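Asks: Sequence:
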Amino acid sequence: MESVTHPDKRRDAGQENMSDRRLFRWMLGYTRPFWPVMFLALCLSLLLVAADVARPYLIKVAIDNHILSRSPDGWGLLGLGALFLGLVLFSSLLQYAQQFLLEMTGQRIIYNLRQEVFAHLVRMPMSFFDRNAAGRLVTRVTNDTEALNQLYAQVVVNLVKEVLLLLAIFLVMWQMSPLLTGVCLAVMPLLFLVTQLYRRLVREARRNVRLWLSRLNAFLGENLAGMQVIQAFVREAQQQKAFDEINDAYYRAGMRIMTVNSVFQPVIVLLGNLALALLLWIGGVAALDDQVTFGVVFAFTQYVRQFFAPLSALADRFAQIQSAMASAERLFAFLQEPVGPKGRAGAAALPRPVRGEIVFDNVWFAYEEEDWVLKGVSFQVRPGETVALVGETGAGKTSITRLLSRFYECQKGSIRLDGMDIREIPVAELRSRMGIVPQDVFLFSGDIAGNIALNRAVSEERLHQVVRMVGLEAFIQSLPLGLRTPLGERGVTLSMGQRQLLAFARAIVDDPDILVLDEATAHIDSETEQAVQVALRRISQGRTMLIVAHRLSTIRHADKIILLERGRIVEMGTHEALLAKGGRYKELYTLQRGPFHFVPQFDKMGSSRNGEG
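Counting from 1, position 5 in the sequence shown corresponds to residue 5 in the working numbering; the numbering is continuous, with no gaps.
Hints are computed from structural coordinates only; laboratory data are not their basis. None of the values given here were measured: they were computed from a predicted structure. Please note that the accuracy of each hint is not assured.
[What the hints assert, rightly or not] Here are the computed lysine-lysine pairs in the BS3-like style, where the Cα-Cα straight-line distance is at most 27 Å: (1) K560 x K586; (2) K560 x K581; (3) K375 x K241; (4) K586 x K412; (5) K412 x K375; (6) K375 x K161; (7) K241 x K412.
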């Protein structure tokens, strides 16, 4: 189960520290197709800034030229009031148009990004999924992409608008009174120090929040999938404790952000009120001395509020930016992960059909560096042969099938199909010539037909044909909806044997030249196994078959049986020849035919459970 580790000691997949400049450059690339729309939104921002800056100035004109004038002009005040109201309505329309454009653009950018992330995800090698929990990968596609949505839809253009607003306010204030402008800017050094400190604190806090959320998702996904095991072994309390630790870490990371934000916001408000107090004091004295008008002082109070409004909202802006940056770090690093093997460019295409000759030549393979699972494995499968791989758990049988399918790449040696090194064959083309039945069958939450076809163009007639071939026809005819019967999540409504037979149908529906069966009869009862053996003999005609088997009785008719132990081939031959040889194969076969089918091995422990060596 998921262990609780401090985030600094254990990094998520696709997480890497990098400069903000590099991240912004990467994120900017996704906006390029939408630059015309974003430019229009920016132009609307300029108009909004002009309207925002004009409103206090209109009030200043009203006070100085009309309200405090010795000869007030009622019509002039009416005109200024109408102009003020028009600016408010105009700003509202501009705000709506800008918001619509930005939201539409943000949604479209995130749509494209999700497409790219998922397209990259499905091309990743199996070793990547060995290293990364499903819950964390779900976080990449959903939460991390959504965190960037607000950045594109709100923050970028609004941040530009706010910078323009601050610049415009400064210019208008300076034009009206350099003295009062200097008073307002007196607090700027303090403001700069506070924002820099806030930025530094909130960035790391946001990164930890996203990291622990990813951990939480991974833990939940793993435990929901393994709930039967948890309850069967009465581990509810232990898993609750482990969940509490992760949840507590996530809570503390969130509380740290809340603490930083709750301190920053009042400090900004305090600095704004400090500037306002200085303005009223010095501005009031200046107005009494006729250095500035009362309208100017009033306009300055409004401009100070406008000046500090974006700064007081800076906590939210920084929260959005830092959340987006933390997500962008992981997404960027994830998209830099190398995809699975492709095949050499310009390689000759495989003929149709392939002959099906498979050669393993001195193959060495390790999942982890230097921890060899296969050691110098060499064998040949002639076209049309059925070859069985047998041996104890961990001997390397399944690894051979994974290498043949190029889910992994061997570190030494070569694997050839019809004389061509499979590393030169495009992966999609190679796998399209194979029908693969894995040890653990995965069924999707669609209907039976969809699980057999897997979005391939398969006719109804072909579906019924393969169902008959694998012996599922009677079962499917008993269902009210037949092939259109929904299976539920992971096919929970089917027995293990029925799921296995569906996997057989899925493997042969495209009429592959090579069949790879990994413990394909492990979950089938004896009666069903007989039917499957008949079906296998029928579908193996003219095809090369590679079978990983635990039950030795199921592969007696194989053309060749290869026995592996600890990554090496120790015996090879037909069933009869290996029995006549009287070696390890005969020993295993005899044990399986005896009263006990499971005999524990204690080579690594040195003794059995009761202490007898």
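Asks: Now look at each hint and say whether the structure bears it out.
Replies: Right, here's what the structure says about each hint:
Only pairs whose Cα atoms come within 27 Å are accepted, and K560 paired with K586 is accepted, the gap being roughly 15 Å. Restraint check: the Cα-Cα separation between K560 and K581 comes to about 14 Å, which is no more than 27 Å; the hinted pair holds. Taking the CA atoms of K375 and K241, the gap is about 42 Å. The hint is violated against a cut of 27 Å. Restraint check for K586 and K412: not satisfied, since their Cα atoms lie roughly 31 Å apart, outside the 27 Å limit.
Proposed proximity of K412 and K375 is supported: the alpha carbons are some 9 Å apart, at most 27 Å. For a cut-off of 27 Å, the pair hint linking K375 to K161 is broken: about 64 Å separates their Cα positions. The suggested pairing of K241 with K412 is violated, with an alpha-carbon distance near 45 Å, which exceeds 27 Å.
Hints 3, 4, 6, 7 from the earlier list are contradicted by this structure; the remaining hints agree with it.
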